[in-house]
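Chains as they are written, first to last, in my numbering: chain A, 1 to 267; chain B, 268 to 534; chain C, 535 to 801.
Simulated from the structure, these hints should not be mistaken for laboratory data. Mixed in with the good hints there might be a few duds.
[Claimed, not checked] The following label-pair restraints were derived from C-beta to C-beta distances: (1) Ala-85/A / Glu-642/C: 24 to 32 Å; (2) His-620/C / Arg-374/B: 43 to 51 Å; (3) Ala-412/B / Met-535/C: 52 to 60 Å; (4) Asp-347/B / Glu-664/C: 38 to 46 Å; (5) Thr-252/A / Glu-800/C: 50 to 58 Å; (6) Thr-519/B / Asp-708/C: 54 to 62 Å; (7) Ser-84/A / Ala-371/B: 39 to 47 Å; (8) Glu-642/C / Arg-374/B: 43 to 51 Å.
These figures come from a predicted structure and were not determined experimentally. The C-beta atom is built at its ideal place from N, Cα and C for all residues, glycine as well.
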Amino acid sequence: MTQVIRILENVRATTPLVHCMTNSVVPEITANVLLAIGAAPAMIDLPEDARVFAGLASALLINVGNGLGEQHQGMRLAVDAAESAHTPWILDPVAVGGLPVRTALAREVLQHHPAAVRANASEILGLTGESAGGRGVDATDEVEAALGAARSLTQSSGAVVAISGPTDVVISPDRTTRITGGSPLMPLVVGTGCSLGAVVAACIAAARSAQLTDHDGVVAAHALFAAAGTLADRQASAPASFRTAWIDALYTVKPDEVVRLAAIEES
Amino acid sequence: MTQVIRILENVRATTPLVHCMTNSVVPEITANVLLAIGAAPAMIDLPEDARVFAGLASALLINVGNGLGEQHQGMRLAVDAAESAHTPWILDPVAVGGLPVRTALAREVLQHHPAAVRANASEILGLTGESAGGRGVDATDEVEAALGAARSLTQSSGAVVAISGPTDVVISPDRTTRITGGSPLMPLVVGTGCSLGAVVAACIAAARSAQLTDHDGVVAAHALFAAAGTLADRQASAPASFRTAWIDALYTVKPDEVVRLAAIEES
Amino acid sequence: MTQVIRILENVRATTPLVHCMTNSVVPEITANVLLAIGAAPAMIDLPEDARVFAGLASALLINVGNGLGEQHQGMRLAVDAAESAHTPWILDPVAVGGLPVRTALAREVLQHHPAAVRANASEILGLTGESAGGRGVDATDEVEAALGAARSLTQSSGAVVAISGPTDVVISPDRTTRITGGSPLMPLVVGTGCSLGAVVAACIAAARSAQLTDHDGVVAAHALFAAAGTLADRQASAPASFRTAWIDALYTVKPDEVVRLAAIEES
């Protein structure tokens with residue numbers, strides 16, 4: 001728990017600069033969420049600019065949801081640059097499985113040592129080839145059904161693997177953590193999952209600068225989201241007002257409140 | 268009226284998966300609106316992925332507002348795939364008329380049997396070549412002035428044609444329905460028109476699975492928007508708070524409340 | 535002050551049509567802000583459509599934040615068309631300095647006589663080559679440190695130059711105006727700076743049609759943003775609810791209230 005507090009404090013202390021290469025639906029909420037938690041967003045897709053920036057950023061998010069070919073080319077260059085510069089990068093394999101182009105892209109970049117993979121259960125199964133993925137961006141598989149695939153993925157890639165659901169599971173080769181919290185309204189707000197990928201990036205950067213593990217960073221990000229979701233759920237009962245309350249809560253919630261509100265369980 | 272209730276209930280019962288190929292301004296509100304009404308959004312523009320997905324989705328939205336050439340190519344493939352798979356698809360000819368590239372695209376895809384065309388009066392006149400279109404995305408023509416063009420369009424294309432305005436008109440070869448409701452604040456919130464196109468897609472899918480007509484589906488979508496607009500107008504007097512109240516209302520309003528709030532008139 | 539009032543009244547009286555070519559993060563907030571102040575937005579990036587539209591619009595915004603190559607090509611054509619048609623156009627050099635592609639683009643279009651350049655201090659220094667730009671989209675330099683670069687820029691380009699910060703500075707060859715107001719929450723809402731560029735475009739169009747100067751138009755835009763920020767700050771203490779209150783305030787604030795709320799100082 002003290003790691004979560006230290007990481008969230010360190011995000012505000014160091015303002016990690018997160019290079020986001022993300023889909024066309026969520027850039028605005030992703031940027032607003034990063035600003036709310038104390039990080040700094042930069043969306044840069046153009047190949048040459050992305051290549052330059054990935055080497056300078058604190059962390060890089062690759063979200064393979066809806067984008068065009070030139071952005072995909074930028075992602076390839078950015079992942080290469082991040083790998084060379086030891087910039088931690090995060091893969092969010094949105095709706096991977098049934099869609100041929102983005103599935104091939106996700107599997108290709110996965111070879112370049114992401115620090116973490118964050119997805120729902122169907123996407124983890126889609127990425128590892130054990131399922132055709134979910135229904136659009138929604139998971140049709142349960143979190144626990146993807147645990148085996150997630151364990152294989154963390155072993156083969158070295159990445160921390162996070163599966164989002166009512167209870168999130170964060171897995172690395174020698175550690176499994178479950179985080180419970182949030183609200184049933186969260187899946188009704190587009191971008192809550194995608195912006196979590198960006199917050200994972202920010203928290204991994206903050207964890208590394210505090211000499212903590214990437215696994216700790218991923219747990220801190222999920223705990224923060226769960227806690228803000230729990231707080232917003234007390235204030236709002238419909239998705240648009242929930243969205244406002246939730247971003248406000250990401251801004252106002254204190255790190256010690258996060259660890260009180262989110263149920264974090266190691267196993 | 269019972270058709271409207273059955274369709275809106277069926278959206279929540281069947282969660283139609285709406286493949287949205289839409290403009291750069293509105294993906295987020297479109298996705299949030301679909302989630303609020305009980306449907307599932309998927310934004311997929313990349314040609315090969317769009318081609319695959321259009322055959323699997325419950326319905327497809329083609330909105331020719333601001334997009335790039337690769338998305339336009341994806342739209343061509345998706346419309347073809349939808350036509351082959353009998354996936355209902357909806358055309359929203361945003362600002363068609365004066366802009367050469369998107370006007371040519373809209374007229375080209377129109378040949379592939381859309382289930383519905385949804386637009387404002389200027390766009391209907393622009394699509395049929397009777398006007399140079401509106402002023403940007405805003406209508407400069409009155410709904411009633413576009414009735415003749417809409418009648419020609421439904422005859423020639425077979426599509427249900429909906430003209431949005433203070434009173435919406437839904438026209439098919441043998442039926443005309445007018446829906447009144449909403450709020451004068453709706454045109455001040457970007458994406459209320461564009462997301463209506465996506466909701467038309469969801470409601471046509473739900474209508475078909477309930478053995479009702481596409482015309483019924485288009486009416487249900489417009490009635491839902493009008494009712495939510497009326498409810499939100501009671502709570503908010505400026506556009507950003509209206510936007511929140513309106514999306515919340517799309518989530519909370521019950522189907523029987525929709526038919527009480529929206530004035531639906533057959534002629 | 536009377537100029538500010540006349541310009542803001544004239545925006546509502548004439549509804550300037552603002553052609554926005556902007557980055558992937560902010561189209562929605564930009565459109566909503568333009569609608570809230572009484573202007574009309576049109577986002578058109580496709581080269582041939584952008585070329586046609588730039589000649590018809592009331593003003594054009596070129597924001598070189600995150601975009602793809604085809605949009606950049608469209609910007610070149612649109613700037614040419616605007617210059618030929620004497621359409622005022624505004625340059626927003628987002629994150630220019632360290633990123634090679636967008637920096638070259640910004641410097642290239644700058645040769646085509648923008649009416650105004652709006653940026654933060656780091657971006658002004660990045661545009662003139664005196665700094666490598668800020669940290670992503672955030673300024674790392676102080677407004678006053680960029681005054682010299684801004685003076686050179688207004689002399690060489692003929693454009694009114696506006697530097698955004700806690701106190702904004704608007705500079706033309708023979709006039710310097712400072713505007714103070716707003717809220718510390720504004721930098722935590724993505725797009726408040728980018729949408730200011732669009733409002734500068736609308737206000738320059740409204741100033742010209744009222745036989746006032748472009749400098750007056752830029753000041754009016756900044757005063758409106760500062761006043762709305764001050765009003766929203768009284769209602770909200772976290773970024774998402776601030777965003778709602780701020781857009782509402784842009785819609786409800788009266789021109790005479792703007793000049794009472796924003797401190798405008800000529801020097």
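How the hints compare with the structure:
1. Ala-85/A / Glu-642/C: 24 to 32 Å: holds, 29 Å
2. His-620/C / Arg-374/B: 43 to 51 Å: Violated, at about 32 Å.
3. Ala-412/B / Met-535/C: 52 to 60 Å: violated, 43 Å
4. Asp-347/B / Glu-664/C: 38 to 46 Å: Cβ of Asp-347/B to Cβ of Glu-664/C: about 53 Å, so the range 38 to 46 Å is violated.
5. Thr-252/A / Glu-800/C: 50 to 58 Å: violated, 39 Å
6. Thr-519/B / Asp-708/C: 54 to 62 Å: With Cβ atoms ~57 Å apart, the hint holds.
7. Ser-84/A / Ala-371/B: 39 to 47 Å: Because 45 Å falls inside the window, the suggested range holds.
8. Glu-642/C / Arg-374/B: 43 to 51 Å: Taking Cβ atoms as reference, Glu-642/C and Arg-374/B lie about 35 Å apart, which means the hint is violated.
Consistency with the previously given hints fails for numbers 2, 3, 4, 5 and 8, ordered from lowest to highest.
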